[in-house]
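K.L.:
Chain by chain, the residues:
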Amino acid sequence: MSIDKTTALAKQIHNARGPLNRISMNAELIKLIIENDMPKDKALVALDKIISACQECSDSLQNISEQKYE
Amino acid sequence: MLNVLLVDDDTEFTDIASNIIEFLGHNTSVASSLTEAKQWIISQPFDHILLDFMLPDGSGLHLLDELKTLAPQPYVTFITGHPAVKGMLSEICGPKIDYLVKPIQREDIESALSRKPKAKTNSKTTKFTKHFGCLLGESESMHNLYTMIQRVASTQANVMLMGESGVGKEVIAHAIHQASGALGELVATNCGALSKELIGSELFGHEKGAFTGAVSKKDGVFERAENGTLFLDEVTEMPMDMQPNLLRVLESKKVVRVGGTKEIPVNCRVISASNRAVESIATDKVLREDIYFRLAVFPIDIPPLRQRAEDIPLLANAFLDELNQENNSQFAWSEAQLSKLKDYDWPGNVRELRHCVHRAFIMSDPQSNQVELPASFQSPFSLVKKANNSVSAGQTIEDVEKELIRITLEKVDGNKTAAADMLGISTKTLYNRLHAYGDFEE
Numbered sequence: 001m002s003i004d005k006t007t008a009l010a011k012q013i014h015n016a017r018g019p020l021n022r023i024s025m026n027a028e029l030i031k032l033i034i035e036n037d038m039p040k041d042k043a044l045v046a047l048d049k050i051i052s053a054c055q056e057c058s059d060s061l062q063n064i065s066e067q068k069y070e
Numbered sequence: 001m002l003n004v005l006l007v008d009d010d011t012e013f014t015d016i017a018s019n020i021i022e023f024l025g026h027n028t029s030v031a032s033s034l035t036e037a038k039q040w041i042i043s044q045p046f047d048h049i050l051l052d053f054m055l056p057d058g059s060g061l062h063l064l065d066e067l068k069t070l071a072p073q074p075y076v077t078f079i080t081g082h083p084a085v086k087g088m089l090s091e092i093c094g095p096k097i098d099y100l101v102k103p104i105q106r107e108d109i110e111s112a113l114s115r116k117p118k119a120k121t122n123s124k125t126t127k128f129t130k131h132f133g134c135l136l137g138e139s140e141s142m143h144n145l146y147t148m149i150q151r152v153a154s155t156q157a158n159v160m161l162m163g164e165s166g167v168g169k170e171v172i173a174h175a176i177h178q179a180s181g182a183l184g185e186l187v188a189t190n191c192g193a194l195s196k197e198l199i200g201s202e203l204f205g206h207e208k209g210a211f212t213g214a215v216s217k218k219d220g221v222f223e224r225a226e227n228g229t230l231f232l233d234e235v236t237e238m239p240m241d242m243q244p245n246l247l248r249v250l251e252s253k254k255v256v257r258v259g260g261t262k263e264i265p266v267n268c269r270v271i272s273a274s275n276r277a278v279e280s281i282a283t284d285k286v287l288r289e290d291i292y293f294r295l296a297v298f299p300i301d302i303p304p305l306r307q308r309a310e311d312i313p314l315l316a317n318a319f320l321d322e323l324n325q326e327n328n329s330q331f332a333w334s335e336a337q338l339s340k341l342k343d344y345d346w347p348g349n350v351r352e353l354r355h356c357v358h359r360a361f362i363m364s365d366p367q368s369n370q371v372e373l374p375a376s377f378q379s380p381f382s383l384v385k386k387a388n389n390s391v392s393a394g395q396t397i398e399d400v401e402k403e404l405i406r407i408t409l410e411k412v413d414g415n416k417t418a419a420a421d422m423l424g425i426s427t428k429t430l431y432n433r434l435h436a437y438g439d440f441e442e
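As given, the protein sequences belong to chains A and B, one line each in that order.
According to the UniProt record's numbering, the residues represented by the first sequence are 1 to 70, in order.
According to the UniProt record's numbering, the residues represented by the second sequence are 1 to 442, in order.
Any given hint might turn out to be false.
What the simulated footprint calls covered on chain A by chain B, stretch by stretch (three residues with Cβ under 8 Å from a Cβ of chain B suffice, anywhere in the stretch; the number is not a length) [claimed, not checked]:
#1 14-23
#2 29-41
Pulled from the structure, derived: some chain B residues nowhere near chain A, Cβ distances all over 12 Å [stated by the list, open to error]:
#3 39
#4 102
#5 127
#6 133
Just so you know, the hints here were simulated from the structure itself, not pulled from any lab data.
Glycine included, every Cβ here is placed at the ideal spot set by N, Cα and C.
The following block holds chain A by itself, in its conformation from the complex:
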């Protein structure tokens, strides 16, 4: 793989890590809410964010797979 392609791939992987990080952090937040018997509204917001980040991450991975085989 050329240096350009490697750099582009590294950047895309970096972009995919953003939503993964949000998924991880929101999941941690939900755990804290449950552990501390907090109102569930915040947990529901965090769950929506996880669902949206999953879609974003899936789109990033799709981009990577399409470009990798070009």
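Knowing the structure of chain A, use the given hints to seat chain B on it.
P.N.:
Frame of chain A; chain B shown alone:
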């Protein structure tokens, strides 16, 4: 409660992170750029700054210079999502600077804020205390060893580890490296495994074209261990004619690659290891005297497992626990089994014990939680060792006779007539002896 400044341009991340940090009982302030962060640190003191590496108006590194002027200086944890940056950050990390790689978990934040290393994963948490992150044992001899490791780690002295095969010399080298907080890596090489032709290239590196097959330049282990630790295993197996070259490097702290002319300065602690007895190092002429004194500035004798038998149950439990975690099983030792393990003398030391636990684990019935120990622990090597070392000063004639009868019986699969023949005594005398020693009775 800590005052934490969170600097990141990903607002969604800062929202969640500040929520989590507040849940953990700390105050959080948020900045989305370097400029905002600088304003924050002027306006109020912070205990800890969680800092994104890439910010819209520059690198998080720029903030470090500003922080150096503050007293007291806050702790900084860089946050990066880019694996390539990870290597660079690890180089600048020090007592007040650390880094986290996204995706981040709550434990990461907790350990960063508490300045304690995070346990690897929940499933890997262990109830066994690992000294220096890798050493198990609570016996007096191990605690003496920990003290020596702690003392020598704080110096730059070369260390020579001596002990029987299987006592864990490389693990102790890791412990010293770990405790020293050296910036460089631990690089290990086995002097006994390298041919006479290759050892120079392995230790000192070579230039391109130095010899047939040297198609490119190669760094030797001294260069690779720069600012770290070089572990020379089986150093006494190094050919004598290579030893002056090693001595030269140890004295001058400079290497010349094979086929090269330039002297390259090197800086690393050398930990060497040998499984030969100290006296045989001199009598067998396996190591030059001058090299010995350079390498063994601080010699450490590692006790064989039989001299710290009280650690055997702990080690057996720890090894079994590792296997249980790897295989999601719940095997456990019975008291009788632990006592049987403790009674054996483990000539192959910790390595042999680990091997035995693994073998027992594989043999055990998955339907039960009880480990199945083999009838005999002895390996072909332990039998050879026993045969070679069956007599030593301090043993009574009775002990030696008993041992001789035992190994003879083993040799002939318990056939007493054949054993008596081999021993040159009558079968009746053998029976009398066996009766007297009682131990052999099934």
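K.L.:
Report the numbers of all earlier hints that the structure fails to satisfy, in ascending order.
P.N.:
Violated hint (a single one): 4; every other hint is consistent with the structure.
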